[in-house]
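Modelling step: build the complete structure from the supplied sequences, incorporating the hints.
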Amino acid sequence: AQSVTQLGSHVSVSEGALVLLRCNYSSSVPPYLFWYVQYPNQGLQLLLKYTSAATLVKGINGFEAEFKKSETSFHLTKPSAHMSDAAEYFCAVSVASQGNLIFGKGTKLSVKP
Amino acid sequence: DVKVTQSSRYLVKRTGEKVFLECVQDMDHENMFWYRQDPGLGLRLIYFSYDVKMKEKGDIPEGYSVSREKKERFSLILESASTNQTSMYLCASSGYMSSYNEQFFGPGTRLTVL
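So the protein lines, in turn, are chains L and B. The numbering of the first sequence is the numbering used here, which starts it at 1 and goes up by one. The numbering of the second sequence is the numbering used here, which starts it at 1 and goes up by one.
Because the hints were derived from the structure by calculation, they are not lab data. Predicted model only: the values in this text are computed from it and were never measured. A few of these clues could be false.
[Claimed, not checked] In silico DMTMM-like pairs for lysine to aspartate or glutamate, Cα to Cα no more than 25 Å straight-line:
1) K105/L <-> E62/B
2) K108/L <-> D38/B
3) K105/L <-> D38/B
Written out as structure tokens, the structure reads:
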């Protein structure tokens with residue numbers, strides 16, 4: 001069975017600082033991995049996805065994530081935080097044979113001026 | 001662009017009322033999902049559907065039912081609303097041809113049961 005663990009329910013960074021949101025997954029078969037972002041009172045929007053092509057995936061708004069099979073990780077990074085990045089971020093995993101996504105519990109990112 | 005719409009952004013109901021949450025997608029997707037989202041618990045899957053008139057229970061189906069009479073529409077029904085069903089409800093869809101099970105989400109319905 002697949003599962004996702006997001007380390008840290010809240011992360012706070014200063015504007016201009018590095019953003020690092022951690023995600024570890026468990027899957028017995030090669031997974032597809034996703035990061036979604038949710039702004040207040042909105043639905044989820046796809047940031048980026050890993051589909052077994054390049055291990056370094058670039059997404060929207062300057063975010064990227066690196067798939068590391070040996071560490072079963074898919075951490076999300078952004079070199080320089082902006083106030084508009086304040087949101088909740090969800091990591092999710094799925095496998096080819098199933099249509100469902102398994103979500104982590106989310107990490108709320110705060111950006112201080 | 002895929003568009004998933006939900007019938008209400010905010011809804012206030014009384015305990016014991018029957019509540020209908022509607023979701024419509026415009027991309028001819030086969031799969032549709034209902035989640036509820038609560039602080040600290042992330043997204044929890046209530047029900048999903050892989051085809052018209054088909055439904056599968058998710059992780060927390062108790063107190064809910066669903067209906068999928070048309071491919072583009074997936075309804076979530078609270079037969080007798082209770083205060084512990086106060087939550088944010090998110091609908092999503094995906095297609096067999098969509099990229100690797102990527103799901104597209106609606107804006108959510110924030111339901112308050114008094």
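Do the hints match the structure? See the list:
no., hint, result
1, K105/L <-> E62/B, "21 Å, holds"
2, K108/L <-> D38/B, "13 Å, holds"
3, K105/L <-> D38/B, "10 Å, holds"
Consistency with the previously given hints is maintained throughout, with no hint failing.
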